[in-house]
Amino acid sequence: MTTDAGRVDQDTARRSSALDHYGAARRTFDELFGYELAISGATLLAHARDELLAAHGHLDALYLSRHHDAHEVRGELLDIACTLVAHGADVHVTPHSTLRWDGPHGAVVELATAWTTGEHLFVTPAVGGPYACVLEHGFVEVEIDGRAVLAPHDRPGLLEALYGSDWRTS
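When the letters of the sequence shown are read in order and numbered with numbering that gives the first Met the number 0, they come out as residues 0 to 169.
Source of the hints: derived by calculation from the structure; they are not laboratory data. Backbone N, C-alpha and C define an ideal beta-carbon position, used for all residues, glycine too. Please note that the accuracy of each hint is not assured.
Simulated restraints, written as ranges between beta carbons of each label pair [what the hints assert, rightly or not]: (1) Glu-135 to Gly-105: 34 to 44 Å; (2) Glu-50 to Gly-117: 33 to 43 Å; (3) Glu-140 to His-104: 20 to 30 Å; (4) His-70 to Thr-93: 16 to 26 Å; (5) Ala-69 to Gly-33: 16 to 26 Å; (6) Arg-65 to Pro-155: 31 to 41 Å; (7) Cys-132 to Arg-167: 18 to 28 Å.
Using the sequences plus the hints, can you model the full thing?
As structure tokens, then:
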């Protein structure tokens, strides 16, 4: 049984550590690769629902690849992982083709790759469909716990692509 004291939404130190790690990862990703890291997945869903960070304790993010071919995108992800390891980051590619980036104090950024091909948007590990338009306006700064994070400009559109049209209630 989990007590309230063990939940991320009740643990300001864990939330702060996760946001610190995201901030550092965001700066590193921009400096090394010229990509922006935006919140995604459960983190974006919690933000859109006006909730705190999800109880699993890590922050979900994505970057939008400049590549449009799945093989090139995968190669790029492996190159990114190797470069981050060479710079001392604790990262590994998961079986779902996401990048798990472990940070201090148990903080984790789970990083998905997004890419477009024509009108289709793909997000690892398993999203694909006619949603390229949801990222065409890029990213915007939003706030979580008083900290600036990037989020897709069309947050509802990405959430529908990730979770379906009933993402607000299910």
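Exercise for the section: Run the structure past the numbered hints and jot down the numbers of the failing ones, going up. Expected result: Violated hint: only 6; rest satisfied.
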